[in-house]
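Number of protein chains: 2
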Amino acid sequence: MENIQPFHSYKNPSLAVDLVVFGYKERTLSVLLLNRKEEPFKDCWTLPGAFLQMEERFRDTCSRVLSTKLGMNDVYLEQLYSFDEPDRDPRGRAIAVAYYALVNPSQVAVSAGHMANDVQWFDIKKLPELGFDHAIIFEQALKRLQAKILYFPVGFELLDDLFTMTELHDLYECILDLPLDRRNFRRKILDAEYIIATGKKREGLQNRHPELYKFNKKLKENSFQLNIS
Amino acid sequence: MENIQPFHSYKNPSLAVDLVVFGYKERTLSVLLLNRKEEPFKDCWTLPGAFLQMEERFRDTCSRVLSTKLGMNDVYLEQLYSFDEPDRDPRGRAIAVAYYALVNPSQVAVSAGHMANDVQWFDIKKLPELGFDHAIIFEQALKRLQAKILYFPVGFELLDDLFTMTELHDLYECILDLPLDRRNFRRKILDAEYIIATGKKREGLQNRHPELYKFNKKLKENSFQLNIS
DNA sequence: TCCATTAGTGTTAAATTGACGCAAAGATAG
DNA sequence: CTATCTTTGCGTCAATTTAACACTAATGGA
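Chains as they are written, first to last, in UniProt numbering: chain A, 1 to 229; chain B, 1 to 229.
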């Protein structure tokens, strides 16, 4: 290792991380949007994001945004795609590395902070117009989530630690935007050993008290493949 | 649109595009590597890549690299992942956006150019040690290709326009590194209408002259799902 | 006590898969 | 020109998986 010259001050594009934060509650899949206080896209809804600081990794930037806007650490994060359209930001060349996050909204309190007019959950079926290219980023995140849930136990991140089969089933129908046969769904999920019965029941205002399950962290490989038609 | 301030000269990480170029020939899947002429990793093998220029899109940078090193345009390109490990480049903070490419080696001539000592195809089973974090990038590209080929007609990019069933079958076995039953493979591929028989036969030094097929560009959705065991 | 509702279990025909066998077409060798 | 070898194409079948559906159990409320 000799003669290594550090990078000159080449002009590099700005590098931002944008986040598609999904939450699920009451049979509704939502995404967290932020109303901008400043130009460009002042008073428009956009995905939360931040510029990458020199020493930060992408996940650090994600955590910074999430803890500011959600008071939350320890969420499921996955890199989605990097967006490079030259005109995507009117301020100049900016690359966005998009991540999506899955959070349980009942365990977070969103707050606007000083950078935004407002922060709010929006039903993904009733989204407002989005600034920048964020509509495209969102669409891609949704597609990724829909594809991933068919073969990987993402989605438990959106539920409480204990959940009923019906709650899991509803979640899948909601994410996939499809009806799924209740009984075949149960069989697939159980055969895959995705979840573990706890023996506890959910008591309350229901009819028959349903079993409570928890996620099985020791997954067997390639155990699960949901087929949609 | 008012009061839009252009970005200040924030210090941004360098942004490079790295390429995993796959080629297939004679039952061997290969990847294109470049022997560096300069530090860091002088005389080491690395993936080809280049820094993103201010007006370029990722694909432009890919094309620039590919035309320099391969004299080739019009190749299949897919974004793989963005790598942000702070120490991945000893010269300073550098983000890499990795793409993988599929090319038909019989239609390209690799040449080292002035930046490299040498450019060469390497059998993916006999790779040399790689500089930077390129071994990780390569591994991820291979996994992506292996996963993708199970449900999408990638891979035709690696063959000639006309090919036999056996050639396609060999390609799949080679990429997946698995034996696949010849007859079941044929049935799946044909049922999915992935390919079209041309009526022509491959003449030559073979025994029975095999049918020549071409890729069916009008794919029906979700038609194909190869199962591996 | 009956009813409505949700939860849990089982049945069955149809489709798909995986593991094969075998015949046709061409090359080669005696 | 016949026998044999190899590759290609086509088909069979048992085992598994799937999709569609019916039934029973548990609970709260009328």
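What the hints contain is simulated information worked out from the structure, not anything from laboratory work. Everything numeric in this text was worked out from a predicted model, so none of it was measured. Any given hint might turn out to be false.
Because identical chains share one entry, a pair is satisfied inside a single copy or across any pair of copies.
Unchecked claim - Below 20 Å or equal to it, Euclidean Cα-Cα: the simulated SDA-like pairs (lysine to any residue) are:
#, residue 1, residue 2
1, 218, 14
2, 143, 129
3, 37, 184
4, 217, 78
Now for the hints, and whether the structure bears them out:
Taking identical chains as interchangeable, the C-alpha atoms of residue 218 and residue 14 are never at most 20 Å apart, the minima being 40 Å within one chain and 39 Å between chains. Taking the shortest alpha-carbon separations for residue 143 and residue 129, only the intra-copy value of 19 Å comes in at or below 20 Å, while the best inter-copy value is 37 Å. In the homo-oligomer, the alpha carbons of residue 37 and residue 184 never lie at most 20 Å apart, since the shortest distance is 48 Å inside one protomer and 60 Å across protomers. In the homo-oligomer, the alpha carbons of residue 217 and residue 78 lie at most 20 Å apart inside one protomer (18 Å), although the nearest pairing across protomers, at 32 Å, exceeds that limit.
Checked against the numbered hints above, the structure breaks hints 1 and 3 and satisfies the rest.
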